[in-house]
Amino acid sequence: MIHIDLTDQPIDVAAALRTVEDDGAGAINTFIGAVRNKSTGRPVVRLEYEAYDSMALHQLRKVAEQAVEQWPMLKKVTVIHRKGTLHIGDVAVVVAVSTPHRAESFAACHYIIDTLKQVVTIWKKEFYEDGDVWVAAHP
Amino acid sequence: MIHIDLTDQPIDVAAALRTVEDDGAGAINTFIGAVRNKSTGRPVVRLEYEAYDSMALHQLRKVAEQAVEQWPMLKKVTVIHRKGTLHIGDVAVVVAVSTPHRAESFAACHYIIDTLKQVVTIWKKEFYEDGDVWVAAHP
Amino acid sequence: MNLKIALFGIAREIVGQSSLEVSAPEGQSVQALLAGLREQYPALGRLSSLAVAVNNEYAEDGVTLSERDEIALIPPVSGG
Amino acid sequence: MNLKIALFGIAREIVGQSSLEVSAPEGQSVQALLAGLREQYPALGRLSSLAVAVNNEYAEDGVTLSERDEIALIPPVSGG
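Chains as they are written, first to last, in the numbering used here: chain A, 1 to 139; chain B, 140 to 278; chain C, 279 to 358; chain D, 359 to 438.
Isolated chain A, as found in the complex (with noise of 0.2 Å):
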């Protein structure tokens, strides 16, 4: 009922969708994360995503886990992340949730993905057409 991926590869948004369809949940929320095409103001040509894969995998689990935990009534969780180089409307990443009713999809689906980005060891080094910065590294 947990679903936990890492790939360099294209991330099929509409497979995630179908990993968590239950018969049994009424409500389905997904958030996708796309790559801009700026950030801060600053265009962005292209980005690359590193992970500490063994780490992100085993973070990425107990945070779907947590969700369960504060929200029991969930049937299904997916979570997919990209790395690698990807480029202006490439998605990044995917939360999937399905619950029997709507709140508890919206509010575990935002748990997840705002904790994910606390703590999943996952690194974005963006590129501009003069420079590069690992986002979020300095204060």
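The set of hints was computed from the structure by calculation and includes no laboratory data.
Each computed DSS-like pair below joins lysine-lysine, with the alpha-carbon atoms no more than 25 Å apart: (1) B/201 with B/215; (2) B/256 with B/214; (3) A/38 with B/214; (4) B/201 with B/256; (5) B/177 with B/264; (6) B/222 with B/264; (7) B/215 with A/38; (8) A/75 with A/62; (9) A/75 with B/256; (10) B/214 with B/201; (11) B/177 with B/256; (12) B/177 with A/76; (13) A/117 with A/83; (14) A/117 with B/214; (15) B/177 with A/75; (16) A/62 with A/76; (17) A/76 with A/117; (18) A/38 with A/125.
Pairwise CB distance ranges, derived in the manner of DEER restraints: (19) C/281 with B/224: 27 to 33 Å; (20) C/302 with B/151: 43 to 49 Å; (21) C/282 with B/212: 40 to 46 Å; (22) B/146 with A/21: 17 to 23 Å.
Every residue gets a Cβ at the ideal spot worked out from N, C-alpha and C, and that includes glycine.
For this one, chain A is given, so just place chains B, C and D on it according to the hints.
Here is chains B, C and D on its own, set in the frame of chain A:
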């Protein structure tokens, strides 16, 4: 940037998601409402959705416009509602919004589905093994 | 004047048809229309709510109706 | 004892390699390891945060390290 549909054909969720893609939108939140196998504990066999089409389309657009007014950073909004006969697992409604930042994508999508359920002129009849009920009709 | 009222969902089932012609005095209000319909079809009075839509918008009790309006009876909605 | 430290992201770039061997006294703490690395690579001290992971879990300052541990330096994460 607002896309509304009311259809008696199966909803293509992947196609709905593509309608909100935007190079300036890093965040896409999607809510999918599907037919559950039970309602208030009673096994559901099928549902029938009936719509007052012209008003439903008008109200759906109004709800989407209210969301854009409330969260001006919204890039694209798509709301598609199914009508006719639906079976367990069928998708009844899809709401998808894209924004530059994620918190607003959750808030706007949640607002749209909650408000849709309050004002949009669509009626659902649940069919059980031994009867049927117009949902929410009676106190 | 004659008002044509579109009926949906349980309101359609209660009345037994998908629209209704009602003869009403000029300047009939939403409130008066509803009162008349509830009297004629008591089951309408037992619904959780019953609204009137005029030209695709919800109409307050005091709104007056005309023959040119597209009027509909709106029982509790349950989309989504 | 010799500790092998895996390096990622900007920490990897600062050190110039993807892992580091550090010789440390038995019972070395996370805090002492970090202090030593920050002294040797001052740029590490300028990051928004710098954590140590032991066996795929974040480790508090007081945790003591052993040669059998899988140790990694974790600069500010930025997934999603």
